[in-house]
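Colleague: Modelling step: build the complete structure from the supplied sequences, incorporating the hints.
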Amino acid sequence: MKHSARRTQLLELFEIGVGAADPAVCVPPHLPVPPKGRTLVIAAGKAAASMARAVETHWDGPLQGIAVTRYGHGVECAHIEVIEAAHPVPDDRGEIAARRLLEEAQGLGADDLALCLISGGGSALLGLPAPGLTLDQKKAVNRALLASGAPIGDMNAVRKHLSAIKGGRLAEAAFPARIHTIGISDVPGDDPSVIASGPTVPDVTTQAQALEILERYGISVPDAVLAHLSDPANETPKPSNPVFNTSSFHMAARPSNMVETVAGQGRERGYKVISLGADIEGEARDVGLAQARLALEAAAGRRPGDQPVLIVSGGETTVTVTHEGGRGGRNCEYLLSLALGLDAHPDICALACDSDGIDGSEENAGAIIDPESLARIRAAGLDPARELQRNNSWSVFAALGDLVTTGPTRTNVNDLRLILIG
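To convert, note that position 344 of the sequence shown is 344 in the numbering used here; the numbers rise steadily by one, no gaps.
Calculated from the structure, these hints are not laboratory results.
One thing to keep in mind: the hints can contain errors.
What the hints assert, rightly or not - Here are the in silico distance ranges between beta carbons for each label pair:
#, residue 1, residue 2, range
1, P131, G189, 28 to 38 Å
2, R302, P62, 56 to 66 Å
3, V89, G264, 33 to 43 Å
Please read these numbers as outputs of a predicted model, since none were measured by experiment.
Glycine residues also receive a C-beta, built at the ideal position from the N, C-alpha and C atoms.
Modeller: Okay, structure coming up:
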């Protein structure tokens, strides 16, 4: 198969995978029965606006609400106000939106429904600090966590304990209303308490764990943050709290849906599919090297005329930033490491992209490589190993014209990595 044909196949498979998590398809089956009283839609995350529109399209009865999403990820809704805010580091708009959501929830009664639409990115977008803390303090901690290489579970354990709305606080505010949460997972394991830092579900993490995480990653925090985390009165609501008696959670889409859909499509196209699952974690460059070894083993086992092999995986890797001047993203970093590990093998191409269309803080979803990538990088005057060390993978693929740019997809089920052999 020619390089251009492999690239086309990979891009098509990524598009199919993202389509499996389209809110217009996956949200409506999970809508609840309308209440006797009011319906308040509370949406947060990169998929918030598209989830809100899916609700509006299929809802039988009056409703109102607010959806807060990342800049550029909004869509027009008729009855639900869409607010765009900053991600991954919160801004004032996210703080104001979160305060409004909390105030609206506090006005609900026992006959009302809080229809909560939660997706990845909601943690940063719901940027309302706990009483006694400032947004600048939260932002400083958030930036340090993002640069530390901490996995999403650790990051959100800290975020929940510095928030007035996450870690079950939204459910606390909406009680005694019925709370019906529809979630789109972007986290390995699909734990509802981790998705957007679990605003409507109990928090099993503790302040002590949050402090330990900060210490483990060497993150220094303001005295006010330390004081807040050291005060037992600020602990988040736990599973035994009665505010969760009227709350339910319904998962509309998972990373595994994307991986399984792509694997199935690969089999239909005649590939031998090796699925590594949807929960891959670890340093992006380490995962890249490990998957390069697996791909080389698969390539070595093929004979002329054998069917192509497709290695599929999902999940969320991390990048420990050691060089502040680089421009990267976990998918680009993974791919540059993968390319080095493959060492220009003539039969292997690969793609790695984030399903939300944004790799890290850049405007591309990810990138794509083929057997000529290393030679082209060097011909452009770049040392691929050095650029990887500098966390500068985005610049490498930008120079090659091999970034994959989709724009916001308005869903979010984590990363998809595809390696095509043959």
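Colleague: Hint by hint, which ones does the structure fall short of?
Modeller: none
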